[in-house]
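Participant: Residue numbers (numbering that gives the first Met the number 0), protein chains in the order written: chain P, 0 to 406; chain Z, 0 to 406; chain D, 0 to 269; chain R, 0 to 269.
Note that these hints are calculated values from the structure, not bench results.
Quick reminder that beta carbons are idealized off the backbone N, C-alpha and C, glycines included.
List of simulated lysine-lysine pairs, DSS-like, C-alpha gap at most 30 Å:
1) R:185 with P:119
2) P:235 with Z:235
3) Z:226 with Z:46
4) Z:83 with P:119
5) D:185 with Z:119
6) D:189 with D:14
7) Z:119 with D:189
8) Z:226 with P:235
9) Z:119 with D:190
10) R:14 with R:201
11) P:226 with Z:235
12) P:235 with Z:46
13) Z:226 with P:226
14) P:115 with Z:86
15) P:383 with P:226
16) P:83 with Z:119
17) D:262 with D:190
Label-pair distances were calculated between CB atoms; the ranges are:
18) P:47 with R:204: 38 to 44 Å
19) P:379 with Z:56: 32 to 38 Å
20) Z:335 with P:171: 46 to 52 Å
21) Z:171 with P:171: 39 to 45 Å
22) Z:277 with D:119: 36 to 42 Å
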Amino acid sequence: MLKATPPNPNPHTPDSQGRFGSFGGRFVSETLMPLLIDLEHAWQQAKDDPSFWQAFDAYARDYIGRPSPLYHAAALESHLRTHKAFKGILYFKREDLNHTGAHKINNCLGQVLLAKRMGKTRIIAETGAGQHGVATATVCARFSLPCTIYMGATDIQRQAPNVQRMACLNANIHAVDAGTATLKDALNEALRDWVQHVDDTFYIIGSVAGPHPYPMLVRDLQAIIGKETAQQLQDKGHAHPHYLIACVGGGSNAIGLFHPFLADTRVRMVGVEAAGRNTTDGNHAAALTLGAPGVLHGSYSYLLQNEDGQIQPVHSVAAGLDYPGVGPEHAFLKDTARVDYQCVNDQQALAALRLTAQKEGIISALETAHALAYVIDNAETFEKDAVIVINLSGRGDKDMQTLAEYP
Amino acid sequence: MLKATPPNPNPHTPDSQGRFGSFGGRFVSETLMPLLIDLEHAWQQAKDDPSFWQAFDAYARDYIGRPSPLYHAAALESHLRTHKAFKGILYFKREDLNHTGAHKINNCLGQVLLAKRMGKTRIIAETGAGQHGVATATVCARFSLPCTIYMGATDIQRQAPNVQRMACLNANIHAVDAGTATLKDALNEALRDWVQHVDDTFYIIGSVAGPHPYPMLVRDLQAIIGKETAQQLQDKGHAHPHYLIACVGGGSNAIGLFHPFLADTRVRMVGVEAAGRNTTDGNHAAALTLGAPGVLHGSYSYLLQNEDGQIQPVHSVAAGLDYPGVGPEHAFLKDTARVDYQCVNDQQALAALRLTAQKEGIISALETAHALAYVIDNAETFEKDAVIVINLSGRGDKDMQTLAEYP
Amino acid sequence: MNRIDGLFQALATRKRAALIPFISAGDPTPALSQELLNQLPSMGADLIELGMPFSDPTADGPIIQKAHVRALRNNLSIKTIFTMIQTFRSYNSHTPLVLMGYANPILAFGIDAFFQQAHKSGADGVILVDVPIEEDATFMSAAERNALCVIRLATPTTSPERLRALLEKARGFVYYVSIAGITGTKSADKKDLTMRLRNLKKHCPLPVAVGFGIKTGADARLVAEHAQGVVIGSALIQAIEDNLSQPQRIVPEVAQKMTEWRKAIEEAQS
Amino acid sequence: MNRIDGLFQALATRKRAALIPFISAGDPTPALSQELLNQLPSMGADLIELGMPFSDPTADGPIIQKAHVRALRNNLSIKTIFTMIQTFRSYNSHTPLVLMGYANPILAFGIDAFFQQAHKSGADGVILVDVPIEEDATFMSAAERNALCVIRLATPTTSPERLRALLEKARGFVYYVSIAGITGTKSADKKDLTMRLRNLKKHCPLPVAVGFGIKTGADARLVAEHAQGVVIGSALIQAIEDNLSQPQRIVPEVAQKMTEWRKAIEEAQS
Ligand SMILES: Cc1ncc(COP(=O)(O)O)c(C=O)c1O
Ligand SMILES: Cc1ncc(COP(=O)(O)O)c(C=O)c1O
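Looking at chain P on its own, in the form it has when it is part of the complex (with noise of 0.2 Å):
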């Protein structure tokens, strides 16, 4: 237990600290702490500036494409009630029809904004899928800002799609080799880059990990998936959700959808990592599931990791889930039991994929595959006219090679 100040009051907000319940915090080295204290400064101001909120919402709707529909997946439902006992009504929530094609813009679209208020002139980013480092270059590009993207080389290698958007939008890309040359290590190489460029540069997290205020930030950014998703449950006649499903990967699109409803508990949810290969050492990033609590990338929270704390190799299909951290909320929110994380192979992942394309005519990404996965695979589970929402985090495009390699 890491946690030396007195318990946080509200339980849906980190303290001051940034901590949610002991997890959380700012562990990063001194030549970054002023920085992120100018940042949580600066978004506290931006949060309560109305005209900060006029510009994001108003480029959420023409540029994003906000609200995303809420679509009821009845193919796929009666598919599950035909096969699989299933009794749940299914909706959607296409986040895939975002602009670059997933959800992470909506954080994107956010902390570039607040880059420009705080008049810095350089951005930077890892990215793991290439969503986030499309997401980014894109904004970049909208704002007049050069940017520079970590990736992995064995992510380069398998979404060579999205390294192709990143090049044509005029992004830096800078291939990292060390480790297993994924998201990690590219976020290490971003936190290197930060340091060394402290005066104009803004990093843009993709997730809700990182230090204190990062969490906190692309959680309000992102939680505007769940606010639409009350409003559009409303208006197709139900008064909540009984289920919200999403994939875990850093946790940003999970805790987008599940943060409005965390007060309500009426409201299951349940996030899904992913079990890889099989569930043994180095073939899954169920940190969640199967990790232990500890520090990496500035934030105290649970992690793949030996008995000598090193960080473990960690392995899935869906490179924006090849991960052995996440973000700390969820972390609490585990300890608290208020969300359930369960974990779901690869197999499954392609699997649902592949049915949910066929029945519905929708590619999503593998990470979201994730999400869809369990809801498939556990159809028998749900109650009669349980109202469940799945997350769509994402779009496949991005996922054609790999899919061809998994025939």
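Using the hints, position chains Z, D and R with the ligands against chain P.
Facilitator: For chains Z, D and R with the ligands alone, kept in the frame of chain P given last:
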């Protein structure tokens, strides 16, 4: 001149023979005539049936993600103001944000609902860029209809990502090696399929081409683009647009934007064709600008043909424009000078794609890039404060490979 | 009386169906194509269908598609076809000849000019593959002005009402497409075809020639029992394609095939 | 008095800055690393920083990253490090030794257990690379219970107010990071650094050791003129990396480098 019937009193809809002025008609083998007549009747009924539109609107909203935004492209606008003496106001109609990434799905949704209504149990379609193929495969998956997609072998090569998506959606992809192995040849082969499966098969044509009633049917379905644009411009305080600009392959995205404004003489319209490598025979696809009237694929319209009436090979860097014909309504709009048709070459389109990506963070399809190029390269010709709407007909994910080949 | 009507009247009295071979003008070469055309009557042809090549023959299967490609590789134009017919007529003045093709090359030539010169060169009729009755008015009137028949097509999808309308202005004979399909692929079901042809004859005062999917002698014989003409296209073109590497074999091979079909047709009548 | 305070008092009277080499425990092999550690005092080290390897050393540049990788390939654990220190202390009881590392391996070991055993094995202080003052309370109290110093870091981005807060609980010395950056990359601008150090000394009652970017004798000399300690990390590790293929050369090479730096420091003081 191929018309023996009296002139059509309403210029904005075809007469009973499917003629726009002298263009259009039904030049197909006798075998297909009864099917076209059936289709026409079915469409007349569906069109007047509120329940049809109810279903269409529901899927348009929650499945496709409509309305697509009307985005003020302020970054490109300001670039053009600074560098090109541009004085207009630039909007993008964001069809790229539709499910599957282009306007094509509007049409496919309507046609598949019609196919269901008609009790058809099998779908066929042709595709060039693969966008119409993906959109068809998508709605077929959603509505549980088997489908076969005809696609030229050349296009299969250059639009590989879309081929993979169709396969993932369980479409049966049929490579066409005949001719130049592009869109025209795919259409030939789809027609051959249709005539062999007259009882159960519905042919979803992907543009406002083909025999009557297709040019009318597809246009009626795509007109949602223009209708939304009219409303959205009002909401943004513009009484009407001054210019509507769209690329023209078969012409469906253009007619979709133009049609609701045709009667409003304050609105000028430009359809932009592909001038390819150059304007010599075989190197472009500018049927309206450089072709002559003739019959291909069931209708009388402008065509690229030699003096013997043989169809010419065509070329465009954009697979979806690589077609020697054009929808007959465009032929009529050209001859009546209601719409101005211009053309833009490969290099202009590639440059426009890149500039728009770098300024707006929007990677358009190469087809769309022709419309962008027209505005960019004629920026100084627009009057001060002219409201210009470019139809952003699709996204460019599919074109990343081609872009790499034209550095 | 024109050659077509003359032929069918003559055959009616002899109770025999006409053998109607289809070749594609200019295939495999202009010279060989001319030779084939010239010799077809002596091989047993009663009426000849001469295909006009088109770059996009959507009603044709692979066999005839390839014939179009071969002809176009030789830059075969309509003007050349008229010259071919003129040459043919210098040897033969009695065998009816019908041009078969797609609309666009005719439009490019000019509808009026086309019918005028077709007549002048010695053609008797025209089959327009992709021009249904709704669209053939201008073709019809040009044909009429130039004493040519536009041969109309009926198919398994043609309803009785359409058939009535179709027959109204039909001239020469009716071309019955035996299947819903393209050339050179499937063959019609025998029982089905028999029934359809019986039905058709009830309404149709004109001779009926049947095409699409007739390959063997047996096919030809069956059709000959119920119709006034037997059109053989892909099966003949296949014989050309099979001998492309030894072109001197093409005329004898076609002749042999023609003999078989002719024999079958004559047997049918007996 | 603990060894660290003792060292700086002694050097203060002699008006010389401390030479503080950094090596990574277990690099390039456990045996060579032990030998280096044992010999550093005789090579001129006044205080030793012993790095604890971590899989994700985000504050380090490529040179020290590779040292971490080499050490981890040898499965180097904190337990092994404590054994190393015990062995060192069997030869040397006076040279202060400070552990430097990232938080997670310490957490995995257990904070209390770590400080307890660090003390027992003979370590004097701990530098926590990724634990800023906001997060070090639990580490501080465990250190205090076990008579160890937590050495705090100040950087060019540290404001005067932060510096005040930082100094409040600082023990042993203050580690001044000379650049906003990672180890082994750029060096501080000389004029800039001089000014910053003068400023820092105004507020700082503790000795100041300067690290990051000190490579040559000239660098060392300059720093020694304005600070109480000169930390040399990447430049030393580079000497190890350069000789990986002939490991017997590593100790003599490091010794030679140490002699240069030591000489430079001694010149500075004069
Ligand atoms: C589509 C999609 N979904 C989910 C994720 C996982 O990230 P997070 O857990 O932060 O939503 C990613 C990451 O790249 C992604 O691209
Ligand atoms: C994005 C996009 N725009 C335009 C077109 C051209 O078709 P149309 O002229 O029918 O809109 C295509 C065809 O594939 C397309 O994919």
